[in-house]
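Novice: Here is how the chains run, residue by residue.
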Amino acid sequence: MAKYVFAFNPELCIGCRACEIACKQHNDLPVGIKLRNVYTFESGKFPKPELRFVTISCFHCSDPPCMKACPMDAIFQREDGIVLVDESKCIGCGYCLYACPFGAPTFKSSDALGSKGTMRKYTFCYDRIDKGLKPACATVCITGALIAGSAEEVSRIKKEMAASKLANTL
Amino acid sequence: MKHAVLLCSCGGTLNIDFKNLKKRLDCEVFTFDYLCWDAVANHARTLIERENVDKILICCTAKKKKLKVLFKDFEPEFLNIRELCGWVHDRRSATEKTLGIIKSKLVSMDFKPEKYIKNVGSNVLIVGDVPAAVEIADLLKKIANVRLLSSLPLHSENIEIICGNIIRVKGELGNFVVEYNPNPVIYDRCILCGACAKICPLSTVSYGGQFGIDMNACNRCGECVKICPTNAISFERETEKIKATHVVFIGIKPEIRKRGIYVLDSIGALSELINDLGEVELIRWLKVHTEKCASGKSRFRGCDICKDVCSHGAIMLEDRPVVDYASCVGCAACQSVCPTYVFEAPSLQISAIEALLDVDLTPKVVLFACRHSAELMEKVGMNHMKYFPVLPLIVDHLTAVSDVHVLAAFDRGADGVILMGCKECLNSLSKMYVLDFVKEWLDVFGMGDRLLLISADENYAISDFIKDVNLFCSGLKPIKESMGEKADLSGSKRDNLIQLAGSFTRKFGNPAPFYGEKYPFASIRVSESCTLCNACSVMCPVNAIKKEENRLLFNYSRCIACNLCQQAYPEKSISVMRIVDILRLAKDEYEKVFETEVIYCKGCGRPFISRAMGKKVWDIVSTANLEEFSFVDLIELVKYCNRCRSMIIAKKMAGLDNESV
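Chains as they are written, first to last, in my numbering: chain D, 222 to 391; chain S, 1326 to 1986.
No lab work stands behind these hints: they were computed from the structure. Possibly wrong hints are sitting among the right ones.
Unchecked claim - Calculated cross-link-like contacts (lysine-lysine; reagent style DSS-like; alpha-carbon spacing at most 25 Å): (1) D:K289 <-> S:K1748; (2) S:K1940 <-> D:K255; (3) S:K1871 <-> D:K310; (4) S:K1927 <-> S:K1976; (5) S:K1964 <-> S:K1927; (6) S:K1976 <-> D:K310; (7) S:K1977 <-> D:K269; (8) S:K1704 <-> S:K1748; (9) D:K310 <-> S:K1927.
Bound-form chain S, shown alone (with noise of 0.2 Å):
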């Protein structure tokens, strides 16, 4: 795929080296001064046509709109330099900065999720009970098919209207199930006499087009029951299920926020659900790898680290996690945490980081920013307030920032790294476990210092970044530059954190380990008990133990802490305590944890059961009362491995036991 890079010195103010950058860049760059003029837009235009560019990268902001839609053709990503780079760092630094955030962004310009247009359909549920709802489902019949989940009756010529209390509701757009207790009056049966209206002591029956009970306020007395003269009043009626694909709240809140649930509060709420009626453009941010998942086995429950760090309702861990990609909005976040690579998102790529860090600048500083934060460094530019020249590395969400990526970011030569997050992103990020993994790993390798989190709210002004940024700057001295081999950062997440761990300790020293009672780490102890029996070995998710002849081995890297073994062992002598130590972490290697002594097939010679089970398995078949098998000795058949004993009682069968074969 070819690149292309416009480059604009905005009418030669950005102190920037145009022409060393041209030749450090191995792509085509064109400089203009004023790119966002028309005739020199449109000059740019013929220019990219003459050189076969498949995707063009414009270093210029000002006017987005306006180059978005003229270079529409080649997929246009934006980058500011000026605000960025050219206003606020001297010359040199600018030159190199300018380099690295280029080059870091024509990698990931590649890694763009797949789009797809799915009908959703529009039959709308709308749950309240106040008249407004009647008044809205009226207006939204026009494009939709619309009915009414209300605790009350309501008066209404047009509308379908269910009575009955909501419970929940379950699904993703376009697959919605709102169960619902209904109201005990039986509309079928109901003649609407008025007699329950008449006699309940509390006036809880109501007339709208039906009679019902506000179940708020009934006492369940039982006299409308005993007057009805059509047996319509029932107070067990079971809950009912009613299926919709939008599911609109007016009055009451929701149990859960998602895409296809909407609390109209605000005219933006009705815009979003009449935009996401019909035909809706879905985004597959993830691609799941459910065979790699450890949510559990044969009844057991395993990892749920993913469980809970979805700010946005889309993954649902039943058995296996689900992704509703309606809701889905790539923060990655499910990414981050997951130890098995289930989830994997194209937000942030390693190499994109080791681009950014291809520059000459000592010290070099990575700082990952959420987009919402980074509005604050353009306001820095604005103003032209010089600051360090720190990477910037622009994600959506600092949700898609895990441990590896900061990890790598020292590893590919950072001196520092800054986390910089909206209010939001920091939200997120405190229910998952990677900020403080990572501020643990740093802290034993006594580099505790050379991480700093920035928080990023409303009352974070930008005199108050530049403060921050200049005294962590200033005070990070350079880490020599290393020796031995950069980690091979290619593989999945816990291969890329072995690999880390291996650099990290060839390059800082051995660590200490440490104890965190979240992070998805674990040594196992296997106490006398133990009969070497098959469960752990076929319980554990990602082959982290291993049975060999007389031994059990385990390895530490690969564990994942997901209490499996634990949990299914029938001797219960497995006993996984979480710890992360990071020097055996690099290791890699399986070690033995058990050992016991064996016993040999009488038959074969080969080894085939510990002396531990084997006694178990004879009492066993000492006390069965099997008459039917008289003809062999059952005791002397357990012997023999589980293959030489079906030959043996084949031979009898065949009645050859006595002959030689």
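Pulled out of the complex, with its shape left as it was, chain D reads as follows (with noise of 0.2 Å):
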């Protein structure tokens, strides 16, 4: 089965948090729950200051930290990579959020010790590849700073993109 992965390029991402609304919306979150986060960094020195936007999310691990931690066995890793949460099971114990690296599981507040709720996380829009789609944030990039798809097709993208980056550039 093909494997699902993302690809993120900074240098075209404009900060315009489509992809993070476009995530709220297809999961009816709750006020407060973001599963895609879009970060503003600034850099550069003057005369020449600059920002630069990051979107990130669940990265769908390999080999998935939070899945090893849960106790209760509510997260689980399809055939295609994709790493999702059975919240009928999850107690909300928490251990999934202190193991995953990149701070990704969500709960209905997390504060440091003490998050509440069942735990919630970006699903890859599960849904849609199912039907065939695309996950809805990538979707709606229209830079194509963010693209997904399986594994190859994200790589050809890739390598297309840079293509004609060149093209233009000659």
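Dock chain to chain to rebuild the complex, using the hints, since each chain is given by itself in its own frame.
Specialist: Structural data, given as structure tokens:
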């Protein structure tokens, strides 16, 4: 089965947060819960200051530490590499939150030392993937900074983009 | 809402000081001598109409039916002050007692459940295999859609007969699903050749318009299956379901009894069925606050205290409790046991107990009686037999009297409490923990002799009642008019119990704790293996467990012993011990049950994880095979809190990790 991956190119991201909003809308998320976050960083020095944007979410690791840490076996990995949580099994212990090196699991309130509620995380829009569609976030990205799909597809798109960039500069 | 009280002296035979009563009741009071006479009753009606009254309380039950019709616009309630007071006590006691019960009744008059009409349909399924079932089906056909489920083939021209063996009935009035095993003979394919009947060695195949096998006698030898020319016989048919609004059993006993399921063994059952066809008036006895229910979370089952207490089959506890209002009679047993106040019934108000006790009698004894057993007191009154002036509070079902009500009576000045119930009520009470709980509660305060339980079954005579009541009351020393405030009993059940625990300990000293497997009170113990994860505080349905920095806090007063924390705890370090400690209950405070060392985030410096959990997490991350993240040091990353982690990885991705931001 094809592995699903996504790729992000910070040079193309314009910080429009469309991916964040598409994610909230598609998953019908309540106030305060975001499964995809866009970070803004200032860099460079006067007279050449710069803003950089990064969108991150669950990376769907190949060997997910959250899945290993879950005492209830509520987190599982599909054959296509998508890591999901069965909320009906989750007891909200927060092990996944601490085991994830990227802080991806999200809870109703996840203050340090006191998460509440059951875990939610970026699902790769598995319901859209199953229908043959792309994740909501990648679909709405207008600059192509965020691309998603099977591993081959993503590497093909990356190559094409690099080629066209090269063509433009020539 | 304006209330009026109609008092009748019953021709001057009542030993009650009406002038005194009138002075002390703060609503419209009308007194009569012969209210049951037509002329007087009509005169009373004109008087009330003039006063703009909404509801009236008629203190005369002699000709209740007639008065009920005459005053029907005023939603009349009735109170018997003749047999209960005026004929059985001396003038002073009778006056005080009358005052108490009128005031109490006036309070409870305002709490009435909502009534509504529901069209439940008339799709009747008759279950039975005797010929009488066909006859009754024919009879009912005129007023309802009738089908018959029978294990044997029965002859009928007009009725649809389904041949099969019943397994179970689920659902409620208007919405039943009947599961059954269909007969092996498939009617659609059968050509009625009769070959099976001839070959069957045990003669289990019979004919009645269709062929059917008596599954109780059949040994499944398979001869009929072989001979059938159309393959119409199969012993592997799947169970089927039929929907029906009413289920009638004839000659068979159903597993459950509730409204909508009838056993036709009497004319009464038949009239009940006919009454329930089509539109029926139902009463919404309960408000159900499902969001408070502690029955479970995340596949763990928690509190199931209401599961077996309903004697009327009205509560189905699946994931959350579901109430079948058609079967509910408002006995409030569920309200009495539920520790989280999921069920709210208007059956018995604490303010009614308070009003009842606001009288000048010593000692004050409250008698909670169910409606059935209260008839005994009327018999006593009929015979003009004198007894101690106890203050009766008559409820429809004694199950409505919970531990809080009995304790509240003591808090509001009662010196003793008598509970009197009929056989049915006491049977229902025996399934509940509340009575034993109250007894133990009073015992630890040395007040065990202030509670009397009277079982008023058919053998209980009026002389027994007088003897028991007089003996109980004469031995009661009045409780000294207490110092300290009274409990604030306006909250939910647990709030009230906490308040009562406070007021009891203030008044009667410090009690010893006691054990009880069925009481919803528990303390928790946390072992050293705790890693301070969030499972227990997330699972706890009543917020009895809370996390604070490096500590785990527990509030004994809120714990309902649902065991969810013990079941769902990943480290199995919580043990729940049932114990009732009234002193601790009164405190309503969070206390520390566990403390451990925590790690601080390398970035922001805030505490974020316990050392024990940190070790576990590092072990997992260091063994994870994550080649795709070779550009970051994952072990280093988990030394930061979850917020700093995502920030660091984002910076890496932006190619800024070497710059200061």
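Novice: Identify every previously stated hint that the structure contradicts and give their numbers, smallest first.
Specialist: Of the numbered hints, 1, 2, 6, 9 do not hold.
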